[in-house]
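Protein chains: 2
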Amino acid sequence: MAAKLIKKPVTGMKDILPREMEIRDYLIALIKKTYKGFGYTPIETPCVENIENLCSKNGGENEKLIFKILKRGAKLDLDSASSEQDLVDSGLRYDLTVPLVRYYSNNAQDLPSPFKALQIGSVWRADRPQKGRFRQFVQCDIDVLGDPTNLAEIELILATTTLLGKIGFSGFVVHINDRRILKAMAAYSGFASETYDQVFITLDKMDKIGLDGVSAELLEQGFDKEAVERYTSLFTAMEGTADPLAALAQKLGDALPAEVYDGLSQIMTGAKNVSGADYILKFDPTLVRGMSYYTGTIFEITMEGFPFSVAGGGRYDEMVGKFTGTPTCACGFSIGFERIVTILLDQGYTVETEEKKAYLVEKTMPMDRLAEIISRAQEERKQGRAVLVSYMNKNRKFQKEQLTNEGYTEIVDFYTEELKK
Amino acid sequence: MAAKLIKKPVTGMKDILPREMEIRDYLIALIKKTYKGFGYTPIETPCVENIENLCSKNGGENEKLIFKILKRGAKLDLDSASSEQDLVDSGLRYDLTVPLVRYYSNNAQDLPSPFKALQIGSVWRADRPQKGRFRQFVQCDIDVLGDPTNLAEIELILATTTLLGKIGFSGFVVHINDRRILKAMAAYSGFASETYDQVFITLDKMDKIGLDGVSAELLEQGFDKEAVERYTSLFTAMEGTADPLAALAQKLGDALPAEVYDGLSQIMTGAKNVSGADYILKFDPTLVRGMSYYTGTIFEITMEGFPFSVAGGGRYDEMVGKFTGTPTCACGFSIGFERIVTILLDQGYTVETEEKKAYLVEKTMPMDRLAEIISRAQEERKQGRAVLVSYMNKNRKFQKEQLTNEGYTEIVDFYTEELKK
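Going down the list, the protein sequences come from chains P and F.
Numbering (this note's numbering) for the first sequence: 2 to 422.
Numbering (this note's numbering) for the second sequence: 2 to 422.
In case anyone wonders, no lab produced these hints; they're calculated from the structure.
It is possible that part of the hints are untrue.
What the hints assert, rightly or not - With a Cα cut of at most 27 Å, we get these calculated BS3-like pairs of lysine-lysine: (1) P:34 x F:37; (2) F:65 x P:15; (3) F:33 x P:37; (4) P:9 x F:72; (5) P:37 x F:398; (6) P:15 x F:58; (7) F:9 x P:72; (8) F:358 x P:37; (9) P:34 x F:15; (10) F:273 x P:358; (11) P:383 x F:37; (12) F:34 x F:273; (13) P:132 x P:15; (14) F:357 x F:401; (15) F:283 x F:209; (16) P:34 x F:383; (17) F:34 x P:15; (18) F:15 x P:76; (19) P:357 x F:37; (20) P:33 x F:15; (21) F:37 x P:15; (22) P:33 x F:34; (23) F:395 x P:323; (24) P:9 x F:323; (25) F:34 x P:357; (26) P:383 x F:34; (27) P:33 x F:358; (28) P:9 x F:65; (29) P:37 x F:167; (30) P:76 x F:5; (31) F:37 x P:401; (32) F:33 x P:15; (33) P:72 x F:132; (34) P:33 x F:37; (35) P:65 x F:76.
Unchecked claim - Here are the in silico distance ranges between beta carbons for each label pair: (36) F:277 x P:354: 20 to 30 Å; (37) P:277 x F:78: 53 to 63 Å; (38) F:402 x P:354: 41 to 51 Å; (39) P:283 x F:18: 36 to 46 Å; (40) P:209 x F:133: 51 to 61 Å.
Bear in mind the structure is a predicted one, so any value in this text is a computation, not a measurement.
No residue lacks a Cβ here, since even glycine has one placed at the ideal position from N, Cα and C.
Using the sequences and the hints, build the whole thing.
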């Protein structure tokens, strides 16, 4: 007798039931169709990546959450292994950006330039399990590789908001900032450059603790009082102005390179002026984005009725070059796929499907008659209808309830007695 | 300076380029549509499974090929670990059957009965890398859980051949056998029951080495001459008969339970008599199928012009019950997804796509004019067309060639000079 199977999925991962699956499949089809309409091309990378690539410091905190894969065969030497490193040669990808960069450097000669990639795929992070957060989840990214111009950003914003609109959402605010503005503000204030990231982590809490809170926290962390005051003065200078970006630029003066200001204004003007633009563009100097690989524009989208962002991204012009030696600019936008699935599930969203029919057949049905019934189902299927042929259960009432729940709108019973007539 | 990235995917896995991706996406959509037409419901399980489930002896030889995942945090104790087992808690699934059985036992209360599942998902096997065979590959399975009747087999055969027909294949032969017939033949011949699997491994080579070859190999392996002769006499008894299954049953007599013969004949009759049946049904006493979990009917499909089978499956009535304690019959059919992708790629198959248009814009285009051009693209996209907006490269001729290769049928140039006119 074999050991009993463990019925539950591994910790933090989940089985996807038919109803959720329907929503996921619908979303994926809609995403592919919409993004392909913008010229993004679907690609795929293996779920398993070289451990060196995963631990290249481009994954930030995610590198602590890697599911690592044991070496196999002769390569695994337990006796001589002194650390984890000696035992593993690969791991599950924790995002789609590191694999994309590897993919692009491996295949650039076979790809158009610029290359607009669409990726929908699972990633894995050994995060502390919590409600609504799973250790395997789908990410959905669009990226443009090899386009140094603002067109990349504008099209990414358009594609993402168009998609969100098609899903049924509205009231989008595109929060936009530039990593170089963040840095210019920190430099202007007199923070030491090695402390920038620490300053930004505190700045990121602005929406929760306010400007006073940020100021207090920075002081508490031991930052120079004068620097903190100069920093907060930048934010107060923008308050209530019609064009906060211009106000900030004026105040920063030479600390902000003119091309950074011009670039961001251009993107905002361009994205605003596209006809039918269905979003508000908001310069947001408190937008930080976690990943250190961002080099320029960064953005996030929020929408009416939801307290969190549903999409985020930015420009990472140095990541490809740092690894491959060939500088290649890049810019991407990622939607919160799992978040959107959860919203649709919570809203009781139902995917419109074609009519489904069920034929229920008594178990005693002779084979020649059964073949006739199946033939009839086959005819209907040929005409594009979904027809389930199933034996009748003892509890036919319950079976019909189940089928109705599964979306079967017509149920036809076939009894053996019919034959006797 | 960070270390250089490893450009290649991990050994034995591959990046999927746009052209192959197009074929894969097309196939997946066709599979889902077709199988849903037969009442199969898409489901998904995590790619990572409990190591105990993967090593439950239901995976046969595949259990030697598992990508195992290292424990994390405090659970990983390198110093006290004396074997691989101490280091890992999970692994990548090597098939979709073990996870399906776990899924069903975990969720049966929320699923209709019988439950018809459709799974399309990646599996991983650390096989020796070889041409056309990868360590990550997609499997595509349909399974019926909880249907003890022949309807399960007939519908599986119909669904699978219908799908293959829609992909564009023809000339199907459905090879069909029953594990109990294999066993009855071995018992009749006088082989010891513990040697059955060894006998079947040799029998499986019939198509390559013929009956004489099988006989010679069995003798070489030290099997009793009389048993081998009785065994080969069963095959010669079927030769040239109109109904080999009936001829075999007659010869086997009491060694073959009547219900096994009746079951298989019924399935063959039923599947034959369905109108529009687009296949030949062939009782194939040499069909073995590797997995030991099969308990009854087994089948494979071959098709004109290809020397290998493109689909296979069978009944495994004991696997669910053995693990969960609740007996649940099950029957499934799997198509060779990667094989089919390779065939279509080799045939130069092109997926019919909607018309794609590219707007090429000079880099010097002022933002207000660019917004107009993008607006025009947005209008076209709203009408369902795919429009790429891209900056002109220096080598415009090469760029246009690339775009043509990517399927862009119309390319519109936008020059800054237009404005001057």
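To see whether the hints hold, each was checked on the structure:
no.: 1; hint: P:34 x F:37; in the structure: 20 Å, holds
no.: 2; hint: F:65 x P:15; in the structure: 25 Å, holds
no.: 3; hint: F:33 x P:37; in the structure: 20 Å, holds
no.: 4; hint: P:9 x F:72; in the structure: 18 Å, holds
no.: 5; hint: P:37 x F:398; in the structure: 23 Å, holds
no.: 6; hint: P:15 x F:58; in the structure: 24 Å, holds
no.: 7; hint: F:9 x P:72; in the structure: 18 Å, holds
no.: 8; hint: F:358 x P:37; in the structure: 11 Å, holds
no.: 9; hint: P:34 x F:15; in the structure: 25 Å, holds
no.: 10; hint: F:273 x P:358; in the structure: 24 Å, holds
no.: 11; hint: P:383 x F:37; in the structure: 13 Å, holds
no.: 12; hint: F:34 x F:273; in the structure: 24 Å, holds
no.: 13; hint: P:132 x P:15; in the structure: 12 Å, holds
no.: 14; hint: F:357 x F:401; in the structure: 13 Å, holds
no.: 15; hint: F:283 x F:209; in the structure: 18 Å, holds
no.: 16; hint: P:34 x F:383; in the structure: 12 Å, holds
no.: 17; hint: F:34 x P:15; in the structure: 25 Å, holds
no.: 18; hint: F:15 x P:76; in the structure: 22 Å, holds
no.: 19; hint: P:357 x F:37; in the structure: 9 Å, holds
no.: 20; hint: P:33 x F:15; in the structure: 21 Å, holds
no.: 21; hint: F:37 x P:15; in the structure: 23 Å, holds
no.: 22; hint: P:33 x F:34; in the structure: 16 Å, holds
no.: 23; hint: F:395 x P:323; in the structure: 24 Å, holds
no.: 24; hint: P:9 x F:323; in the structure: 16 Å, holds
no.: 25; hint: F:34 x P:357; in the structure: 12 Å, holds
no.: 26; hint: P:383 x F:34; in the structure: 12 Å, holds
no.: 27; hint: P:33 x F:358; in the structure: 17 Å, holds
no.: 28; hint: P:9 x F:65; in the structure: 23 Å, holds
no.: 29; hint: P:37 x F:167; in the structure: 24 Å, holds
no.: 30; hint: P:76 x F:5; in the structure: 23 Å, holds
no.: 31; hint: F:37 x P:401; in the structure: 18 Å, holds
no.: 32; hint: F:33 x P:15; in the structure: 21 Å, holds
no.: 33; hint: P:72 x F:132; in the structure: 22 Å, holds
no.: 34; hint: P:33 x F:37; in the structure: 20 Å, holds
no.: 35; hint: P:65 x F:76; in the structure: 15 Å, holds
no.: 36; hint: F:277 x P:354: 20 to 30 Å; in the structure: 25 Å, holds
no.: 37; hint: P:277 x F:78: 53 to 63 Å; in the structure: 60 Å, holds
no.: 38; hint: F:402 x P:354: 41 to 51 Å; in the structure: 42 Å, holds
no.: 39; hint: P:283 x F:18: 36 to 46 Å; in the structure: 38 Å, holds
no.: 40; hint: P:209 x F:133: 51 to 61 Å; in the structure: 54 Å, holds
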